[in-house]
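Using the sequences and the hints, build the whole thing.
Order-wise, the sequence lines are chains A, B and C.
In this text, residue positions in the first sequence follow our numbering: the first is 398, and each later residue adds one.
In this text, residue positions in the second sequence follow our numbering: the first is 9, and each later residue adds one.
In this text, residue positions in the third sequence follow our numbering: the first is 850, and each later residue adds one.
Hints listed in this document are in silico derivations from the structure and should not be mistaken for laboratory results.
This list has only true hints and no planted wrong ones.
One-sided and incomplete, this derived list gives chain A residues near chain C with beta-carbon spacing under 10 Å:
hint, residue
1, 483
2, 607
3, 700
4, 727
5, 773
6, 821
Which residues of chain B face chain A? A few of them, derived with a C-beta cut under 8 Å, are:
hint, residue
7, 50
8, 51
9, 53
Using N, Cα and C, we set each Cβ at its ideal position, and we do this for glycine too.
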Amino acid sequence: MSILNMTIKEISELLKNRKIGTVELVRHYLDSIRRQNPSLNSFVTTCEEDALEASEKAQKLIDSNDNTSLLCGIPFGIKDNICVRGIRTTAGSKMLSDFVPAYSSTVVNRLVEANAVILGKLNMNEFSMKESKEGNIFGFVRNPWNKEYAEGGLSEGTAAAVSGDMACFALGSDSGGELRQAASFCGVVGLKPTYGLVSRYGLISSASSMDQIGPVTRSVEDCAAVMSVIAGQDPLDSTSVGRSENYLKDIDKGIKGLRVGVPKEFFGSEVNTEIKESISRALENLGQEGAIYKEISIPSIKYILPAHYIISSAEASSNLARYDGIRFGHRSPDARNISEVYRFSRKEGFGREVKQRILTGTYFLSSENRERLYYKALKIRRMIFNDFRKAFENLDVLVAPVCPEVACKLTDVSGDKDHLLKMHISDVYTAGLNLTGLPGLTVPCGLDKNKLPIGIQIVGREFSEKLLLQVGYAIEKTVGKLSPGEGDKYGI
Amino acid sequence: MEYEIVIGLEIHAELKTKTKIFCGCKNEFGEEPNTNCCPVCLGMPGAMPVLNQKALEYAIKAGLAMNCDIAEFSKFDRKNYFYPDTPKAYQISQYDLPLCHDGYIDIELEGTTKRIGIERIHLEEDAGKLIHDASGEGSLIDHNRSGVPLIEIVTRPDIRSPEEARTVFESIKSILEYTDVSDCRMQEGSVRADVNLSVRPKGKGTFGVRTEMKNINSFRAVERACRAEAERQTELLERGLEVVRETRRWDDLKGTSFPMRSKEEAMDYRFFPEPDLLPVVIDRSLIAEIKSSIPELPFDKRRRYTEQYGLPLYDAKLLTESKKISEIFETALEVCKNPKLVSNWIMTDLLRLVNEKGKSILDTALNGRIFGRILLYFDRGEISQASARTLMEVIAETGEEPDSVIDRLSLRVQRDENLVSGVVKTIIRDNPQAVSDYRAGKTKALGFLMGRTMAALKGNGDPEQVRSLLIKELDRTE
Amino acid sequence: MAVGKELLLKIADIAAISIDETEAEDYAKELDSVIGYIEQKLSEIPDDDLEPMEHVLSAQSFFRADEVTNFDRKAELLGSASVTKDGCHFVPSVVDPS
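In structure tokens:
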């Protein structure tokens with residue numbers, strides 16, 4: 398039977414009713430990867446043998462126990478900055494092209510304990526930094542909806558793998574919006590949880606005060622299912638604080654009386670009209686379901702970008718200092734003294750954009766600029782945080798675009814240097830949540846005239862994931878599931 | 009012109025926790041290289057720090073012992089610099105909100121007391137160790153020490169002489185030892201000092217340009233380094249030259265320091281708040297609990313020993329220098345209530361035995377209670393001084409109970425008047441020459457007869473009793 | 850221009866990245882434009898008494914008990930290094946501790 402583009406929930410049902418076996422399921426995805434990955438470039442490492450072995454174990458559990466977890470036997474992919482013991486983990490960098498961690502991240506351990514099956518590691522921008530010039534060591538990821546298209550400066554294998562049916566779900570990370578943006582470009586569901594809700598232990602840091610791991614899935618329910626497993630405090634991560642919840646429970650509760658805010662700063666002239674229209678339709682649908690929405694203003698939105706750029710660069714410059722060629726990572730063969738071990742290894746191991754960000758961050762933190770720029774950015778962060786908090790005094794959620802544009806053509810991405818700033822400017826819709834720690838869920842809400850997906854972003858208070866998923870579920874219900882090549886069916 | 013020396017110390021001390029500050033690796037000295045390390049202390053990608061509660065408590069304890077205010081809200085920062093012994097290329101330390109601040113210690117030097125301000129005490133992680141490769145090709149890095157908890161104690165520039173600097177260092181070390189937060193193994197570098205020193209014309213209000221000398225790990229070296237640096241700076245000023253603000257390395261063998269880095273190339277550490285650790289908020293009740301666990305500290309003890317026990321300051325200082333010795337003193341004193349006697353015996357015989365047999369005998373054979381019993385017997389005149397000495401030596405060797413040794417070796421003083429009289433009579437009978445010398449007025453002869461009697465009593469005679477019995481017998485039989 | 854080649858090379862030195870003269874110009878140009886944009890944006894905001902926000906979480910740190918948890922895959926850890934000797938990481942001679 399065809400399991401193409403099925404959700405976790407649907408597949409789990411088939412597994413439990415013995416309609417398919419876990420091994421057969423894994424083979425389906427491995428075949429799909431073999432067929433599609435050469436063009437989509439989503440996976441950078443696959444673990445066929447381990448995956449088959451894990452799926453056999455999962456099958457035994459299903460055969461002997463009716464109460465296996467929803468994720469038992471479900472194959473998934475992992476962004477390549479999330480450490481898995483014994484599997485090469487590169488963070489998309491030449492620096493770590495041979496790095497095999499001796500430890501696993503907490504999220505991966507939790508999923509493996511739930512008997513989900515690791516298919517492999519997914520492509521990403523080097524250390525999650527957008528790169529316009531050189532791509533990364535593994536090259537650009539292509540959009541399963543149209544292989545001529547990229548993900549707008551992103552190379553997130555997560556969304557492409559899920560959208561292209563190469564994995565049932567994926568774990569991504571979001572430091573400035575990359576998880577949500579990629580999900581939106583590829584027409585899948587993506588959640589950046591509240592900062593602290595999901596352990597970062599084993600996530601290769603980019604901007605520590607903003608990085609957060611989250612699920613990329615085919616449905617809102619799937620997102621809830623994965624969150625139920627990965628969320629919750631971890632004794633290995635001092636910045637993890639949340640409790641785990643059953644996010645699936647009451648997901649279909651409905652949104653009657655939901656108070657929705659629409660910040661006008663997120664819907665300026667730079668936002669593509671089709672995106673605006675699509676989001677308006679989604680809002681109207683929410684209204685019909687009983688939600689009340691109104692336009693609001695969050696003036697400090699215009700300072701998200703500089704604050705985010707300063708803080709993320711500063712933190713990255715320090716986080717990436719440990720890559721010195723001594724204990725792990727690339728070491729220059731030409732280094733003749735200790736200073737050259739540092740300077741050459743880092744020159745050779747990092748790509749252009751990463752080096753630019755390290756230099757920029759070093760500048761922001763230097764004694765002459767720290768007060769004036771870095772601390773100022775922290776003050777702006779407070780201002781933005783306060784503004785969002787104020788907005789939530791009378792509202793339950795906000796909606797925003799994920800990006801001002803849909804996915805752009807590959808040819809538009811590479812080679813254009815000024816594109817860099819433009820790319821970062823598009824982070825305005827997502828990076829505010831990284832600055833403030835608030836959760837954001839992106840759900841597909843339509844297709845544009847080129848049959849490329851459009852996503853809507855739902856933003857909530859701290860630890861309001863349950864509500865976000867309920868709202869996302871309501872939107873998904875009105876839009877229906879979108880899959881590449883099936884857009885016509887929905888007549889959007 | 010007369011110059012005044014201004015010194016501030018920064019003292020780093022390793023805390024004696026079981027594990028490292030941010031991971032569960034053993035905090036232990038002297039193991040095979042890289043046996044106590046993990047992804048966290050090696051700074052591997054994705055690994056994250058979690059603060060050891062004991063390290064926090066020890067730092068608070070040290071702060072309270074030095075009369076500091078404990079910050080209810082404290083945080084960690086990153087100090088960024090590249091060095092091969094620093095795995096993450098940043099040290100997790102505390103920059104603007106240290107755990108402890110604004111304290112002081114009282115020191116005593118040549119009979120006068122002086123108060124030295126403690127600006128701050130903060131918590132941070134130690135770096136690894138570089139081992140020079142014998143082949144000369146490179147350096148090996150051992151990360152067993154990476155992530156060992158350290159406190160950095162920063163004094164105010166209140167110190168005015170090399171001797172004072174030494175005394176401050178000694179006092180701080182002894183506070184750390186008393187509070188049991190650090191092993192203070194000086195020779196292994198678990199406590200080390202950085203010296204900030206400047207000189208200025210006496211009477212001038214502003215400070216001169218200072219230099220910093222790093223990682224000095226003995227009291228003597230601190231004093232010597234301060235003296236040499238003060239001389240160097242004074243000489244520069246007298247010749248009309250300027251002192252350059254720089255970091256210098258003190259070479260204790262050569263007795264001189266060398267410049268390491270000048271201000272121009274000063275490191276920019278790019279401090280910023282550690283995003284991987286949340287602020288530390290300290291409960292008042294925890295502080296109270298820790299406060300109640302702090303024992304009497306050396307300075308107070310010293311004062312009490314002189315006031316309550318009437319001991320000379322010299323004795324009090326020596327007895328309080330090490331916590332162990334003061335404990336022996338106090339326990340022994342509970343048994344033998346003669347402070348000066350106990351003090352004398354500690355400073356002479358006991359310390360000599362400790363030197364010979366090692367410190368451990370103070371915990372076992374010659375613990376305070378046993379030592380006190382020996383002194384009690386001596387003080388009561390039940391054993392002689394020589395016997396007390398013999399007793400200590402035998403016990404240090406065999407670990408026996410004092411009473412059984414006294415019995416086995418017949419060390420008890422013999423006071424049975426009939427018995428002693430009998431011996432005296434025998435001695436008088438057997439030494440007619442001496443007896444007639446005595447009667448002829450040669451008092452020396454009495455000493456000879458006493459010696460004979462004591463020998464016959466195997467040294468266990470009571471000299472007073474023997475003497476009076478001898479005189480009585482000599483006078484009677486005349 | 851706020852950031853010239855010379856300043857950039859100084860920053861690169863602090864960041865321990867070897868950069869040649871021509872690259873430096875390229876990096877400097879980009880850094881300059883980013884900083885130009887950022888400074889202009891920041892200047893719009895008055896320096897009020899906002900408290901810098903270091904952490905978004907209002908929570909405080911939890912602690913670890915002082916108990917040994919032995920990491921048992923040390924060989925794998927050391928195996929990540931490209932150069933080792935006698936169970937240690939190995940680098941060209943480090944002359945003077947600073």
